[in-house]
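J.: Each residue of the sequence shown is one higher than the one before, counting from 1 in the working numbering.
Hints were generated in silico from the structure; no laboratory data involved. Misleading hints may appear alongside valid ones.
Keeping only pairs whose Cα atoms sit at most 30 angstroms apart, straight-line, the calculated DSS-like set for lysine-lysine is [to be verified]:
(1) Lys233 - Lys217
(2) Lys81 - Lys137
(3) Lys5 - Lys45
(4) Lys5 - Lys57
(5) Lys81 - Lys5
(6) Lys206 - Lys166
(7) Lys59 - Lys5
(8) Lys45 - Lys137
(9) Lys5 - Lys217
(10) Lys81 - Lys119
(11) Lys57 - Lys133
(12) Lys166 - Lys139
(13) Lys18 - Lys81
(14) Lys233 - Lys133
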Amino acid sequence: MKLSKRHHQIMELLYSQKYTTVSELVTYLNVSSATIRRDLVSLEKEGFLLREHGGAKIKDLNHSQSADFELPIKKKIDIHKQEKINIARYVATILNDGDCIYLDSGSTPAYIYDYIRHKNITIVTNNLFLLDKIKEKDKASVIFGAGTYDFAHHTLNGTLYLDIIKQFQFSHAFIGCSGFNIENLHCTCTSLQSSSYKNHAMQQSKQTFLVADASKKEEEGIICFALSSAFTKILTTPFHSEHLPKNVYFCS
1 MKLSKRHHQI MELLYSQKYT TVSELVTYLN VSSATIRRDL VSLEKEGFLL REHGGAKIKD
61 LNHSQSADFE LPIKKKIDIH KQEKINIARY VATILNDGDC IYLDSGSTPA YIYDYIRHKN
121 ITIVTNNLFL LDKIKEKDKA SVIFGAGTYD FAHHTLNGTL YLDIIKQFQF SHAFIGCSGF
181 NIENLHCTCT SLQSSSYKNH AMQQSKQTFL VADASKKEEE GIICFALSSA FTKILTTPFH
241 SEHLPKNVYF CS
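Kindly produce the complete structure, drawing on both the sequences and the hints.
T.: In structure tokens:
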């Protein structure tokens with residue numbers, strides 16, 4: 001099911017406050033209560049929410065995400081902000097002048113730029129959040145891929161971007177994800193297109209790093225793009241697990 005703009009707005013509200021009422025949605029979206037009830041029935045059938053008397057609640061924060069509904073990056077950017085900053089600060093310690101790196105889409109890679117802008121490095125990315133961050137005095141050189149603008153993820157996508165990735169040899173690739181599972185070792189995303197970018201960047205890189213805060217271990221995309229063993233390190237934030245891969249590094 002391809003969600004409509006209104007369905008996305010309903011789900012964004014549910015993600016922010018976990019429960020909403022029909023009357024609140026009527027006011028928020030400026031539509032009739034009958035329309036809202038039809039929307040809630042449709043979203044419940046697709047497994048996104050649970051209807052309750054007079055409203056609805058989020059079904060499961062640990063759901064499997066598809067590209068049909070994934071919280072837009074502009075809504076994600078401030079979620080677990082300090083954890084993302086901790087990862088970004090660590091990344092800055094492993095980069096040197098002259099490095100050429102791949103910086104993936106997503107909110108965590110977006111934070112990384114804040115801590116590496118002063119380095120004389122080359123960055124290849126389709127992450128348009130960097131456009132809002134770049135300053136004239138920055139030493140980092142940023143190469144943006146060409147493609148079609150994706151509003152939900154604030155990226156440029158398409159075959160032209162993939163062609164650009166293939167031309168580079170990276171010293172480091174910093175890869176985001178929708179989720180990672182410590183037990184089955186899967187790292188997941190929400191689309192084949194995103195999976196292709198990640199895989200090619202990893203193949204072109206000497207060292208690869210998964211960058212994802214600990215909340216991502218409770219989420220799961222529909223496409224496995226890599227096993228955790230494919231990464232030099234998994235950079236995340238502290239959590240407890242009895243089955244921790246050796247390449248996990250806690251940034252705190």
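J.: Now tell me, hint by hint, if it's right for this structure.
T.: How the hints compare with the structure:
Under the criterion of a C-alpha separation no larger than 30 angstroms, the hint pairing Lys233 with Lys217 is consistent with the structure, at around 15 angstroms. For the hint pairing Lys81 with Lys137, the CA-to-CA distance comes to about 25 angstroms; that is within 30 angstroms, so the pair holds. Between Lys5 and Lys45 the alpha-carbon distance is near 18 angstroms, which keeps this suggested pair within the 30 angstroms criterion. Restraint check for Lys5 and Lys57: satisfied, since their Cα atoms lie roughly 19 angstroms apart, inside the 30 angstroms limit.
Restraint check for Lys81 and Lys5: the C-alpha separation of about 26 angstroms stays at or below 30 angstroms, so the hint holds. Proposed proximity of Lys206 and Lys166 is supported: the alpha carbons are some 14 angstroms apart, at most 30 angstroms. At roughly 20 angstroms between alpha-carbon atoms, Lys59 and Lys5 fall within 30 angstroms of each other, so this suggested pair holds. Distance hint between Lys45 and Lys137 is unfulfilled; the C-alpha atoms sit about 52 angstroms from each other, more than 30 angstroms.
Pair hint Lys5 plus Lys217 holds up; C-alpha atoms about 28 angstroms apart against a cutoff of 30 angstroms. Proximity of Lys81 to Lys119 is assessed by CA-CA distance (about 23 angstroms); at most 30 angstroms being required, the pair is judged to hold. Of the supplied pair hints, the one linking Lys57 and Lys133 is violated, its CA atoms being roughly 36 angstroms apart against a limit of 30 angstroms. Annotation: proposed proximity of Lys166 to Lys139 holds, straight-line Cα distance about 24 angstroms (limit 30 angstroms).
With a CA separation close to 20 angstroms, the supplied pair Lys18 and Lys81 stays within the 30 angstroms bound. Between Lys233 and Lys133 the alpha-carbon distance is near 26 angstroms, which keeps this suggested pair within the 30 angstroms criterion.
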